[in-house]
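J.: So the chains spell out like this:
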Amino acid sequence: MHALAERIKREFPDGFVDAVEWRGDLAVTVRPSAVHAVAMFLRHDPEIDCDYMVHVSSVDWPDDEERFEVVWEVASIRKRHRIRLKTRVSEAECQVDSLTDVWYGANFMEREVYDMMGIRFRNHPDLRRILMPDDYTEGYPLRKDFPLQGKGWRDTFEFLNEKV
Amino acid sequence: MNDTEKTYRFEDQRDTIYKVNPEHPETATLPLQRTEELLLNMGPQHPSTHGVLKVILELEGERLVKSTPVLGFLHRGVEKLAEDGTYHQFIPHTDRLDYVCAMYNNFAYCRAVEKLMNITVPERAEYLRTIVAEVQRIIGHQFWLGTQALDIGAMTVFFYTFRDREILLDWFDELCGARLTTSWYRIGGVERDLTPSLISKLRAFLDYFPSKIDEYQVFLEKNRIWVARTKGVAVISAEDALSFGLSGPTLRGSGVDYDMRKHNGGYAAYPHCDFNVPVGKNGDTYDRYWIRVMELYESVKIIKQCLDQMQDGPIMADVPSVTLPPKDRVFTNLDSMIQQFKLFSQGFDAPPGEIYCGTEAHKGELGFYIVSTGGGKPYRMKIRSPSFIHMGAFDHMSRGYMIADAVTIFGTYDIVMGECDR
Chain A
0 MHALAERIKR EFPDGFVDAV EWRGDLAVTV RPSAVHAVAM FLRHDPEIDC DYMVHVSSVD
60 WPDDEERFEV VWEVASIRKR HRIRLKTRVS EAECQVDSLT DVWYGANFME REVYDMMGIR
120 FRNHPDLRRI LMPDDYTEGY PLRKDFPLQG KGWRDTFEFL NEKV
Chain B
0 MNDTEKTYRF EDQRDTIYKV NPEHPETATL PLQRTEELLL NMGPQHPSTH GVLKVILELE
60 GERLVKSTPV LGFLHRGVEK LAEDGTYHQF IPHTDRLDYV CAMYNNFAYC RAVEKLMNIT
120 VPERAEYLRT IVAEVQRIIG HQFWLGTQAL DIGAMTVFFY TFRDREILLD WFDELCGARL
180 TTSWYRIGGV ERDLTPSLIS KLRAFLDYFP SKIDEYQVFL EKNRIWVART KGVAVISAED
240 ALSFGLSGPT LRGSGVDYDM RKHNGGYAAY PHCDFNVPVG KNGDTYDRYW IRVMELYESV
300 KIIKQCLDQM QDGPIMADVP SVTLPPKDRV FTNLDSMIQQ FKLFSQGFDA PPGEIYCGTE
360 AHKGELGFYI VSTGGGKPYR MKIRSPSFIH MGAFDHMSRG YMIADAVTIF GTYDIVMGEC
420 DR
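Protein sequences appear in the order of chains A and B.
Numbered by numbering that gives the first Met the number 0, the letters in the first sequence go through residues 0 to 163 in order.
Numbered by numbering that gives the first Met the number 0, the letters in the second sequence go through residues 0 to 421 in order.
Read the hints as simulated data drawn from the structure, not as lab findings.
One should not assume that every hint holds.
Derived coverage of chain A by chain B (criterion: at least 3 residues anywhere in the stretch with Cβ under 8 Å from a Cβ of chain B; other residues may be distant) [stated by the list, open to error]: (1) 47 to 58; (2) 87 to 99.
In silico lysine-lysine, DSS-like type, Cα no more than 30 Å apart, as pairs [unchecked claim]: (3) LYS280/B with LYS78/A; (4) LYS114/B with LYS261/B; (5) LYS8/A with LYS114/B.
For every residue, glycine included, the Cβ atom is placed at its ideal position computed from N, Cα and C.
Only chain B is shown next, with the shape it has when bound in the complex (with noise of 0.2 Å):
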């Protein structure tokens, strides 16, 4: 392209866009307000999108007009593969539905399974299933709290909650051998017991973790700008909250007193537990963060009351025909070895029917609908995440605020990509 061209272009485009009259340039006036909207995509490798989301936002100006999610950049057909696999073999696979908390998948899973062979599991292992829950809590909050903050630009905090996360994933190491794909619950129970050196890891750092809240809590909220960023954002009433079928924080942000752990008795060791559920009143991104902030002073104390009341008891249901058999009795007796294999590769005998069970997961309900035919594969299998249906709220929370609010929306739901597409 020689200069010429180059000039030629330039002034035919400022033509268009300042209507300059080319045989007057002195009568230009300013140049005139384009009113159109524009669109915007963000994402799906934008850091803030915590995964691969992308949504298009169409703008006026600064404002956010209507946003479009567009869902399934990692959509694995969770589903499709459970159709295959024996009820058993499908625990792994939850691990890898909320990969941040994959304690709370394989609870939620292995309760839905319980309810369509009606196991009643044994209180030693409700009360396990129910600390090492409340740990995943804990996790998930802290790991949300960390990068929501990070998201809106207040960078400290993170390094304070991924410090205290670590803890708890090395104890997660010790209890599983794993960090974050756990599968550590079965059907009927769950693999093993704490050891006394897990459970004392376990009070150290519970009597270590208050003061921590406090000082996340200092850091975010003696933080102007994290304030005014988060303070009446996103505002969703309690009755569209409920509609559009939000749950866990983001519900309760609303004002809607509603959590699985107190609701119809709840489940596990819950109902043993005096614990507060902490109710939001504006429905906005900052009641969220103090839902969580709160719950996990709550979560402390659910574990701490879950360790004193535990009594010594078998960590597994008496249902050979299901449950699987203990470890060390596979490995030596050639029966349990014959059962084990069985269980894994046939599976055992659902009755026909259909359940939905649903779990208070850290981000909200998260259930699973199966449809039984008999046999020892489910013959549909419906995940109810929350993160996928949170964000069918995002339009309707996203619109009249600035772009910028789109990054907090995205954080305030706790979004997590490999729950929401599957």
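Bound-form chain A, shown alone (with noise of 0.2 Å):
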């Protein structure tokens, strides 16, 4: 395992779940209730050093129980590393902490993944849609329930909607 991911281990032994590497990337998934925590120790510790903010994401998986999955990715500039810290929460309990004190470029890009996937963010300063219209009612874009083509009137067109 990666030192980084040993580390987080041995720290948080209660929120690790588990740590993935592949083509280069470190990928270490922890327990929701864990995360914010851990984003504290990866900010604040002096080997970890992680002080630049990457970018915040979401996966949609709809037949998982725990069906959403929240991406953070962090940096250090000085030690040179990353570290892509991701959580997994199900439909119901949709929620997980904001990570807006540790980083505060996690602001704009946590309230992109709520008007794009719906996960809320606690403790966010300021949890509203961001891309999409503030009355938007038809729900959240990137879900994979969400249509790929639209509902309006090309769906009056019997043609188009032919199945080969």
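Work from the hints to combine the two standalone chains into their complex.
T.: And the structure:
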């Protein structure tokens, strides 16, 4: 296992789920309850020192019980490494801790995740839609059950919807 | 409305604002100062917002107290579209992200897919990619320099940068048939090689260009108004810049030496080139300007070195299950045509897994996070666009500055809404 993953596992034996290293990227999955503590650890530990927020993302796995996967990717400019921190939440309990107080950049990026996937962030200072209109009520576009085609006048043409 | 009504309304209004006692009008003193904050909508149709960006500014006098960017006017659901197309089909979509610098988006995307597929690109293709990427960086910085100065009121430099940009756009036209939406990069290599005519034109441009950069600098640095409006404006500390995830010249302006072209060994042909990464000190708009101008000189250096070092060789990786066959074979050979057709309609079989690959575009770190579950289409593709992330720091960087500085701050990010909203 990667030394950083080893370190996180030692510090958070209860929160740690697993670590995967593939194509040079390290991804560490933790329990939702441990996300904030692990993030604080990554940010403030002098050996890990992840000061740079890369991106926040989410993946929808509709067949799994824990449907949504939230991904924070952080890097250390000084130590030159990158860690992908992941957690899984179910659709009923669709909420994780916000990391805005750890990295400022998480503010906009988590808002985008909320807008696109409908995952709520606890203690987020300004959790509103960001790319879609504020009054948009038709769901969350990047969920897998959101249709790829429109649902408007196009559907009234039968030849467009013929199954080949 | 008759005359008496008008008079009445006017008096009524004056009453509330100036607190005149109607019985003793002579006691009216100076108008009371109103102390509540003023909300001002800037955009989405403002010429200095570089597209359709709206910002709600909370003002106290002329000072910005808080600003709330309202994004999404150009949201086209590119990430959702990516889930429905094969990997090859997505390349033209990346052109439309940052439509000013399409080549770099193609580059970043192709690099991400190559990392997913574990493909090594042949050396000549790496050099070609580096040359064209640096030409694109020059175009991007010229565009930025012209428009940013224009926003602040220095109009002349705009004409000079756009004159020189035109030469390079014509060069792109000859290279791939398009000026802006280029789609020249391919997964595993590039679409076509440089011709001798293109190389001689590029060399001629490189000899001509450095004296023009000096000229741009004279126009701006001798302009006292422009200097006064950039020095000490929109200062951000290195620690805050990192925490916000700023990248590219916006981050280096604060003194952080972070350039993905050099970081962790670099990529493409950059490790073979000798170039400097300019780093600022004060983290203000002027330093970010200085970095971009210095990068123009560095780009010229990189392209010259690449042209000198480049050897003959293949321009596409030889992985027939993933990379496209050469175009001339597609038109003459049945197998190649079938291969091309299958690669575009069904795609190649990507291994399950997830990767993130960042590339140093001229705005900052442009990254693609791809989740694959096997098969020809990405399961999820997240685009880390520098413009969007830079807008997250807008409120922090604009607080306390004048309302006219808001325009400078849009300019200093080099914001393009196609990339910001995706």
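J.: Taking the hints in turn, state whether each one holds.
T.: Going down the list of hints, with the structure as the test:
1. 47 to 58: Since three or more residues must qualify, the claim that chain B covers the stretch 47 to 58 of chain A holds, with 7 doing so at under 8 Å.
2. 87 to 99: Not satisfied, violated; 0 residues make the cut.
3. LYS280/B with LYS78/A: Distance ~21 Å between LYS280/B and LYS78/A Cα, so the pair holds.
4. LYS114/B with LYS261/B: Satisfied, since the Cα-Cα distance of roughly 18 Å is no more than 30 Å.
5. LYS8/A with LYS114/B: This hinted pair holds, its Cα atoms lying about 27 Å apart.
Violation of the numbered hints given earlier is confined to hint 2; every other hint is satisfied by the structure.
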